[in-house]
Amino acid sequence: MPLSFAPRAVILPLLLASAFCAKADPLPPSLDQPYPGTIRMKIDASDTARSIFRIHETIPVKPGKLTLLYPQWVTAQHGPTGALHQLAGLKVSANGKPVAWKRDPLNVYAFQVDVPKDAQALEVEYQHLSPTEGSQGRIAVTPDILGIQWQSMTMYPAGYHTRRIPIQTTLTLPAGWQYGTALETAQRSGDEIQFKTTDLETFIDSPLFAGRHFKRFDLDPGAKVPVRLNIVADTAEALEAKPEQIELHRALVKQAYKLFDSQHYTHYDFLFALSEEFGGVGREHHQSSENGVKSNYFTEWSKTEAVRTLLPHEFTHSWNGKFRRPKGQDVPNFNTPLENSLLWVYEGQTQYWGQVLAARSGLVKASSVRDIIAATAATYANVQGRTWRPVVDTTNDPIISQRRPQVWPNWQRSEDYYAEGALIWLDVDTKIRELSGDKRSLDDFARGFFGVDNGVNVAKHYTFDDVVKALNAVQPFDWGPFLKKKVEETGPAPLDGLARAGWKLVYTDTQTEFLKGVEEQSKAASFQFSLGFSVTSEGKITGIVWDSLGFQAGLTGNTTLLAVNGRAYKADVLRAAVTAAAKDKKPIDLLVKRGNDYRTIALPYYDGLKYPRLERIEGTRDRLEAILQAVK
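Under mature numbering (1 follows the signal peptide of the UniProt record, and there is no 0), the letters of the sequence shown match residues -24 to -1, 1 to 608, in that order.
These are calculated hints, taken from the structure and not from any lab test.
All C-beta atoms in this analysis are idealised placements derived from N, C-alpha and C, irrespective of residue type, glycine included.
Hints are all accurate, no fakes.
Label pairs and their calculated CB-CB ranges:
(1) 152 / 384: 48 to 58 Å
(2) 497 / 119: 21 to 31 Å
(3) 415 / 13: 49 to 59 Å
(4) 194 / 430: 18 to 28 Å
(5) 582 / 449: 52 to 62 Å
(6) 277 / 256: 16 to 26 Å
(7) 608 / 429: 17 to 27 Å
I would like the entire structure built from these sequences, with the hints used as guidance.
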């Protein structure tokens, strides 16, 4: 029965004191020596109707205390985003008898077990409950496609470097499904696939896509080191790529090799999902990448140019981020925190090369990449959070926010080391070209820094000083202070590279065709550079620029735009109103709804529509054209 007030008053403080005095048991130190035995894992992935993965591990052990770890830090996500909340049904046994387990009350990714003295192995059973709706997380299982990120399936013994723990895995797929992965297949019997033994680090870095509708394309025919495009799709029709489309993907491989002049994998597998249901994804791995876009990628080619920078970006990561990694990413296991301060190199330069390789290969027109750069430059010229937060601090965002929605992203900033990082590397590239009389470029840095040790696929870590040294080897300059000013200081967006490339950011009252297409695909109309916000096709106001006209008028999130000057909202209606206001100098009346409250807002804006684009600076060298043209 309920406690009376007096006992509660006495007992509650004692309970709280007990809780706050709890201490995590220290994990055993991670040893860089072979684990004594091989983990045997079996995964049944056939229950796509309920999105349930059933896992059984046999872990060689010795009697005594053992800590099992569930991966917490996901390298490609740069944060502690392990899907522990999707683990269920954990049972441990030895010699056919149950063995009790206990979760560490503070380090909840650690599970403690007392191994019986006569046990040589633990049998560990559990399920991974993959999301069945978007509110639970990214959809990774549909009736026709599944994606497996092995870190969500795996528990492993503490005390050893993960690269020294052998694991052999057997996977059961739905009947008749085909698959792609960087893992080596030992044999397949029906729908059961047995993979060759590998180390746990390589295993977790080698995800798998499987599907009812599957097609594989060789992107480097006849090469000793294969590169494959493994496609799964909602329908067989979505797989039907035209020969000329595949040739552009083959050109991507060729242009990457001309840039980096090396390979750091025994083979490379693009895992590519074309789906309306399977969650979109772009995630790098050393010998593969996970990529997910809408199902019209090939079938409506003219509409998908904007997403065709994805594969170049993730492919670049095999060199930048996986082979060459920041020193802070040199960790012994998946439960050691990552230090992210060099993500502006890891991701920022990859963002840059992804766009450059997209243009050089022909996957994206050079004019469209210019439009991407224009949109990026305009965005960061209007990010008010730059006044208080330097880009290097945004490298902490994967840990701080873990990609949760923000209230005021323009002011808070997010993972800006990607796109702003790309602007910084355009600045570096054009600076090298200017200083060397256009004899050298960032291409030379890429070959010298990422292209070392050709054929080696063991990670090679670097520091900030290593980056500076490599840049000086290409073109002597005071690169340390130059870079630190860009990444560690607040102030204007890093747009010097644009001018040095022979271009300037301007705004006009009409969109470029490419950016118009991007807007149509996003189903949102941008008024970011005029009114200071965007509006979805349903009228929801998003992306409010801090201290902009819309902000000053009191607009916030969870606001719906119902009408403009007395007419029901449509994007064209608001565009027409902005254009008219520039002529008649009358405020734009907006009827908005937030919760149950309706109100009318008068926006005194008279400068017309503003859309970004790049414009040539007369009398200057067009270095951007040189950067984006294919390497012969």
